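Hints given; two lone chains; assemble the complex.
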Amino acid sequence: MFKFLKKNKEEKGMILKSPVVGRCFDISEIPDEVFSSKMLGNGIGFESTEGILYAPVDGEILQVFPTKHALILKSAEGIEILLHIGIDTVEMKGEGFESFVEKGKKVKAGDKLLTFDNDLIKAKAKTNLSVLVLTENEIMESVEFNFGTVDKNNEVIIIKLKK
Amino acid sequence: MMEKKAIVKNETGIHARPALTVVKEASKFKSEVLIVKDGNEYNAKSIVAIMCMAAVKNEELIIKTSGVDEEAAAVAMVKIIEEGLLK
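From first to last, the protein sequence lines are chains A and B.
Each residue of the first sequence is one higher than the last, beginning at 1 in our numbering.
Each residue of the second sequence is one higher than the last, beginning at 1001 in our numbering.
In case anyone wonders, no lab produced these hints; they're calculated from the structure.
Some hints here could point you the wrong way.
[Unchecked claim] Result set (DSS-like, lysine-lysine): computed pairs, CA atoms no more than 30 Å apart in a straight line: (1) B:K1045 to A:K160; (2) A:K112 to A:K126; (3) B:K1037 to A:K74; (4) A:K103 to B:K1037; (5) B:K1057 to A:K106; (6) A:K124 to A:K12; (7) A:K162 to B:K1024; (8) A:K112 to B:K1037; (9) A:K162 to B:K1028; (10) B:K1045 to A:K103; (11) A:K105 to B:K1057; (12) A:K122 to B:K1009; (13) B:K1037 to A:K163; (14) B:K1057 to B:K1024; (15) A:K103 to B:K1009; (16) A:K105 to B:K1037; (17) A:K93 to B:K1030.
[As the list claims (entries may be wrong)] Which residues of chain B face chain A? A few of them, derived with a C-beta cut under 8 Å, are: (18) H1015; (19) R1017; (20) L1020; (21) I1047; (22) M1051; (23) C1052.
Keep in mind it's a predicted model, so treat the numbers as computed, not measured.
In this text, a Cβ means the ideal position worked out from N, Cα and C, and glycines have one as well.
If we strip away everything but chain B, and leave its shape as in the complex, we get (with noise of 0.2 Å):
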């Protein structure tokens, strides 16, 4: 199992449209994808889940992957969510 920690960066926050961009990245990978948030776990192949996350802005978050491409995984996450939100 792999963790690293995300911050959120973008203005407004994982809403339909980054949670969306969340879930495409997610599902790319064979790996558990996770997020926990305030001890929450959110799987990140679920678009109801990410939505229900409702991550804002400077809030940190946890990636958790476990599976054949768990470090591959972990690390496309944190790009995208520091980085693939941005506009």
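So that you can see chain A by itself, here it is in the shape it has in the complex (with noise of 0.2 Å):
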């Protein structure tokens, strides 16, 4: 992390850590081809074993969807973030979703934003995989991804941003 904040002075850049216990994977892989396809902007697929949801950066929270089966976290140097577990879940109306946080609330990357309920979302919903989708902004130079096994401090965004 120290070496990254020395790094910073001379490339700019950002970091977001794993939104899950769990995995994070390619985001080609999300049965939706609205994210799939990359329509709202590149990021990640992830599942979360425990169901809950941290902040992958500080930021502040933009909106949350009234069904809180998604969020919107704009990161303190511009990025906004699409955080939406699983897909079709909007139809779930809020049932087995909880959120801890509401718009224009400040979080720290690791705080807990939503938790849900992983088995109620198989019943009901196409599937828990869920999505982060870094929305299409001019501030990004190039991102990187680190896929696989996760905790919440893995690193798994690396974003250079334009000077």
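In structure tokens form, the structure reads like this:
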């Protein structure tokens, strides 16, 4: 981490930690083309083993959807991040989801944002596979992903920002 | 400038997929296209703005367009929100 901060002085960048304990994988594996085709932006797929979503970076909550299955977080650097739990979970209308944040709240990386019932999602929605989308913006130069088994301290997205 | 009302009629409201539909439609026009909900204005050509709006079923939105094709844009936006989002 310290090494990164040093490097940061020469190259502007930011790091996103895993939003879950579980696994992170290529967004193209998400069974919904709105996400897999990156229409909303680049990002990663993730699956939680414990049903808790954590903030991947320090930032501010721009919106929690009324159905609590998704939220938008804006990082201190200005990157807007959509976190969307499961696919077609909007139709669950909030059942099985609990939110610990609201619009306008400032959060730190690792803060608990949402909890969700994986078994209920698997039973009622298309899948519990979830997505993190870096919505389109002009300040990103490049982005790298680390996939695999993760806990919430793993660095999963490394973004280089334009100078 | 044109202003028209639109009611969200689809069951799930304007989340990810419907938001993309709205943004794609708005982006066809040269005019500035804004959607007003609860007094707040959202840029209809921005996916983040439209998802942040988080409009749910039965909410009333105001479409505000301004530019060379403002009338066509306003009409198209009402149609896409009221009819285009229904499955």
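Now for the hints, and whether the structure bears them out:
no., hint, in the structure
1, B:K1045 to A:K160, "holds (26 Å)"
2, A:K112 to A:K126, "holds (24 Å)"
3, B:K1037 to A:K74, "holds (21 Å)"
4, A:K103 to B:K1037, "holds (15 Å)"
5, B:K1057 to A:K106, "holds (28 Å)"
6, A:K124 to A:K12, "violated (42 Å)"
7, A:K162 to B:K1024, "holds (27 Å)"
8, A:K112 to B:K1037, "holds (29 Å)"
9, A:K162 to B:K1028, "holds (29 Å)"
10, B:K1045 to A:K103, "holds (22 Å)"
11, A:K105 to B:K1057, "holds (25 Å)"
12, A:K122 to B:K1009, "holds (27 Å)"
13, B:K1037 to A:K163, "violated (35 Å)"
14, B:K1057 to B:K1024, "holds (20 Å)"
15, A:K103 to B:K1009, "holds (24 Å)"
16, A:K105 to B:K1037, "holds (21 Å)"
17, A:K93 to B:K1030, "violated (36 Å)"
18, H1015, "holds (5 Å)"
19, R1017, "holds (5 Å)"
20, L1020, "holds (6 Å)"
21, I1047, "holds (6 Å)"
22, M1051, "holds (6 Å)"
23, C1052, "holds (4 Å)"
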